[in-house]
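The listed protein sequences correspond, in order, to chains A and B.
Counting from 75, one number per residue, gives the positions in the first sequence under this note's numbering.
Counting from 3, one number per residue, gives the positions in the second sequence under this note's numbering.
Just so you know, the hints here were simulated from the structure itself, not pulled from any lab data.
It cannot be assumed that every hint is accurate.
Derived, one-sided and incomplete: chain B residues facing chain A with beta-carbon distance under 8 Å [stated by the list, open to error]:
hint: 1; residue: A21
hint: 2; residue: E24
hint: 3; residue: E25
hint: 4; residue: A28
hint: 5; residue: D33
hint: 6; residue: L47
hint: 7; residue: V56
hint: 8; residue: Q81
hint: 9; residue: N99
hint: 10; residue: M102
hint: 11; residue: S107
hint: 12; residue: Q114
hint: 13; residue: M117
All C-beta atoms, glycine included, are put in the ideal place defined by N, C-alpha and C.
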Amino acid sequence: MIPKGLSLLQAPPFSVVAVFFVSGLAFGFLGFSLIAYYLIVGSFNLPVAVHALTLGFAASIMLGALFQMLPVVAGAVIENPRPKAYTTSALLSLGVLSLMLAFHLGDRNIYLIALCLLLIALLPISVLMLYKLLKIKSYTPTSQGMRFALFSFILAIGAGALHLSVSRGLLPMNLPINLFELHVGLMLFGWVGVLIASVAFQVVEMFFITPPYPKYLSKYLPPSAVVFTLLLPLLGDVSKVALALLFTLFAIATLRNLLRRRRKLPDPIVYLWIEGMLFLLLSAAAYLVNHFLAFLVLYGVFALSVITAMLYRIVPFLVWFHLSNQGVVGAPTMYEIVPVKNIWLNFYLHTAASVGVLLSVLELLPAFAVPLIYAASTALMGFNLGRAMLLYRRLYIRV
Amino acid sequence: MHIAQYLTEEHRKCDEEFAKVEEAVAAQEWDKAKELFEKFRDDTLLHFRKEEEVLFPTFEETTGITMGPTQVMRHEHAQAKELLSRLEEALNAKDKNTFMSVGESLMILIQQHNMKEEQILYPMSDQHLDSESMVEEMSKLGEI
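Just chain A, same shape as in the assembly:
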């Protein structure tokens, strides 16, 4: 019998993580539905769709994951996390909705509201997380990488806010460098790419029993990626080649490790990781040949594949973990919380959409079908993980 209510020094309450995941999945569904709508009516507003997915979906889920990982993986404890998480999540959701509306209407006042909401939502928590990470004395490649990812995120928010303010006439000034390129680079490589890589350095070995990543990669990828992104306006193509090379090396190392994993059983989570890495390789090629839209879509598939894989591992585990800590005897385990056949179904749906991306490029599939399948995949993920959270709630109340 496990002692009931024993305080675990590190893990934050489940609701802290759950609020970010729920809103993230809702934005994922909204973003893909919007893209499908735009493609059907033939009028595309890229900034609206992109920010629903990058900020509303990806950033929300990644911030939720950081609330969980900072104390558990890096030993950086965020005190009193509930109000911080709830406020951040609520302001972020409102901010993303306002930003989408502002991009849609082009209204100056709504831009201002969106900027204020997003800056208040994102800057304090990112700075706090970075400060906590900088304070820890011993660090691993993962916690070191998280520092660089958060540093990039803060700069990317600043660059984005400044670019928007100037380009929409909110600030009467001229900028000496191309902040848009810096905003996109820091968000995609410095924040999303470095964070995923840093987490992979820890969890790929852990979840699938693989050899560790080469030390040169886990140590040098995060700082190099951030430095070359920052140098994009100065070095141009040299930086681009370096970034493509870095993430290609990461993808190959991950694929190599996954193929050498000791847990050889068919597992949709492993396949999602493999899929993500294959799309990362494709996106690096598109980046090198300066095809921005193709790069954006392929890189998006990489991030979405890995995020899907991570959510299906983390959420059921946390449900079991927290219930077990509550003293629930015989707490439901992973596949009792989300049946493995549901994860397989989601994997097939997600993969159908990812293959659809390639088919639509070859004009073998109408483009609108792709976001529709992704919307269905995200809805299924929301259903599976939402049910897991409700199960937690039901069993938690009983205790």
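Go by the hints and put chain B onto chain A.
Just chain B now, with coordinates in the frame of chain A:
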């Protein structure tokens, strides 16, 4: 030998053993799975004993930290033991699905547990304790 190296090697051996059990269960080779599981369970429990009977008490006595990481580790050992007995029940009932479900929870629990030990507790132990004599004491309980 350092405490970190000695106990980390045990983690890796147990990981490999579990991967073999999973494969046997997936192939529904129940006799083989049972044999492999017993080896995995006994080795895991022996590893826990080395920590709970030798490492943790000495660590607590030397550092004065009694309610910190060692308490969390003991708690996670208790959670792992509960899952081990559920795995055994599933194996006896030849229930592949339950085995896989419980096994996945156990794997993640153990992996994040090992990570905390390898990155925090073991280095701290090597720093504060006499590594050679600790390893010698733990070896007396048996080898994996």
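Status of the hints after comparison with the structure:
no.: 1; hint: A21; result: holds (4 Å)
no.: 2; hint: E24; result: holds (6 Å)
no.: 3; hint: E25; result: holds (7 Å)
no.: 4; hint: A28; result: holds (5 Å)
no.: 5; hint: D33; result: violated (19 Å)
no.: 6; hint: L47; result: violated (16 Å)
no.: 7; hint: V56; result: violated (22 Å)
no.: 8; hint: Q81; result: holds (5 Å)
no.: 9; hint: N99; result: holds (7 Å)
no.: 10; hint: M102; result: holds (6 Å)
no.: 11; hint: S107; result: holds (4 Å)
no.: 12; hint: Q114; result: holds (7 Å)
no.: 13; hint: M117; result: holds (6 Å)
Of the numbered hints given earlier, the model fails hints 5, 6, 7; all others are met.
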